[in-house]
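When we follow full-length UniProt numbering, the leftmost residue of the sequence shown carries the number 1, and every step to the right adds one.
Heads up, some of the hints might be wrong.
Computed spacing ranges between beta-carbons, pair by pair [unchecked claim]:
(1) GLU349 <-> ARG374: 34 to 44 Å
(2) GLU147 <-> GLU15: 29 to 39 Å
(3) GLN96 <-> LYS315: 25 to 35 Å
(4) ARG334 <-> GLU434: 49 to 59 Å
(5) PHE22 <-> GLU295: 35 to 45 Å
(6) GLU151 <-> GLU349: 27 to 37 Å
(7) GLU349 <-> GLU82: 49 to 59 Å
(8) ARG138 <-> LYS78: 51 to 61 Å
(9) LYS315 <-> ARG138: 23 to 33 Å
(10) ARG73 <-> ARG224: 52 to 62 Å
Simulated pairs of lysine-lysine, DSS-like, Cα-Cα distance not exceeding 25 Å [what the hints assert, rightly or not]:
(11) LYS315 <-> LYS331
(12) LYS352 <-> LYS331
(13) LYS124 <-> LYS97
(14) LYS134 <-> LYS10
(15) LYS97 <-> LYS78
(16) LYS134 <-> LYS12
(17) LYS18 <-> LYS124
(18) LYS352 <-> LYS311
(19) LYS93 <-> LYS134
(20) LYS124 <-> LYS10
(21) LYS228 <-> LYS134
(22) LYS315 <-> LYS228
(23) LYS124 <-> LYS113
(24) LYS385 <-> LYS433
(25) LYS113 <-> LYS93
(26) LYS389 <-> LYS331
(27) LYS311 <-> LYS336
No lab work stands behind these hints: they were computed from the structure. Where a beta carbon is used, it is the ideal one built from N, C-alpha and C, also for glycine.
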Amino acid sequence: EEKEEREIEKHKQEERVKEEDFDQSTIDFFEAINSTSFFEDTHLSSPPSSSHSFNADEGYLEDSFSLKEPLTRDEEEKKWEEERERRRLEREKRRQKRITDLGIGGSKEDNEKEEREKKEREEKAKREREEREKEREREREREREREREREERREREREEERQERLKELEKERGQEDKKEDTGTSDLSSFIMSEGEDEGTDFEDEDEKSEEKDEKEEKEEKEEREIEKHKQEERVKEEDFDQSTIDFFEAINSTSFFEDTHLSSPPSSSHSFNADEGYLEDSFSLKEPLTRDEEEKKWEEERERRRLEREKRRQKRITDLGIGGSKEDNEKEEREKKEREEKAKREREEREKEREREREREREREREREERREREREEERQERLKELEKERGQEDKKEDTGTSDLSSFIMSEGEDEGTDFEDEDEKSEEKDEKEEKEEKEER
């Protein structure tokens with residue numbers, strides 16, 4: 001018994017170690033997501049300051065910041081591959097060390113220490129997440145403040161230009177009044193000089209307007225570039241969220257439960273995204289899909305979703321004005337409507353097909369019920385005929401008086417026993433027949 005208990009405790013301890021390794025792998029994954037290479041892929045000059053904080057004592061992120069030249073994509077992938085291998089070996093060493101230190105089952109103090117360390121890691125990860133969230137909020141606030149400052153600066157510049165223009169108009173009006181008072185020039189010279197002044201004024205105004213337009217265009221271009229980087233960042237975050245959703249949908253799919261040798265998935269997995277129609281096929285097939293067919297089906301589904309995400313991403317970028325003309329936007333809108341209408345038609349068609357299938361199933365059920373009813377009626381009529389026949393024979397015996405009361409009772413008992421035996425046999429045959437039909441239907 002002690003040996004069995006030690007074995008059970010050993011298995012439990014190994015399970016705990018595996019769970020902790022999985023938690024550590026998850027932390028490593030998100031550390032990789034928040035690392036410098038992720039932001040270099042998005043063409044940003046540097047990651048947000050919050051990504052500098054986590055696991056800095058390990059010393060494996062500082063190299064990325066100290067390089068004079070950015071790494072190429074292959075070098076970056078090779079570096080991260082080596083890093084992942086190193087971490088895997090370290091996790092394996094820690095796991096083996098914990099198993100060795102704890103022995104077969106592990107003492108109470110070791111278990112409490114392990115639990116404390118796990119809680120500390122969770123609290124540390126939680127604090128780091130909160131700190132990153134605060135830093136992102138501060139960054140958004142600084143961006144809003146810069147936007148307000150830019151807007152105020154543009155407003156001041158417009159006001160200054162308006163005041164300057166008013167002063168010039170007042171000055172021109174004063175010169176015109178002075179010329180009229182002195183009378184030193186005739187009407188033609190006045191008109192010519194007026195035309196020259198206005199021409200000069202218009203030229204100056206055009207130059208200022210061009211400079212202003214160029215300045216505003218440059219500022220807008222810079223703002224679009226900033227907004228483009230932000231939007232691409234948001235799109236990547238949304239794509240990452242969608243990829244996570246796809247991953248858990250795949251986990252909840254039928255194939256996952258087939259791999260784990262379960263007979264069927266839990267009923268909750270039937271509900272999500274039912275309107276898309278890509279799960280119903282697994283349940284409506286007479287024969288389950290093979291492993292290759294299931295993988296091929298999910299590969300096509302993943303490719304379709306990837307294309308849809310790319311289209312949504314391009315559309316969001318186009319809608320924000322980061323490239324793309326009005327015609328492109330209208331074309332994209334038309335294509336979007338066509339896709340939505342097509343998807344709607346397909347959903348309606350699938351729904352109609354399912355409704356037709358349900359109607360056919362109800363029709364088959366009605367036919368089976370009618371057939372059973374007819375069989376029961378035939379059996380009842382047959383039984384009535386047999387009873388009538390038996391009753392006629394009994395009446396005949398009573399009329400002839402060839403048997404006494406005892407023989408009548410014995411014959412009656414024998415008849416009833418035979419009747420019950422026949423009825424039992426027919427009932428068994430009927431049950432077997434119905435069971436066979438239900439089996440074929442299944």
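For this session: Could you tell me which of the hints above the structure violates, numbers in ascending order?
Result: Numbers 2, 3, 5, 6, 8, 10, 12, 14, 15, 16, 18, 19, 20 and 26, in rising order.
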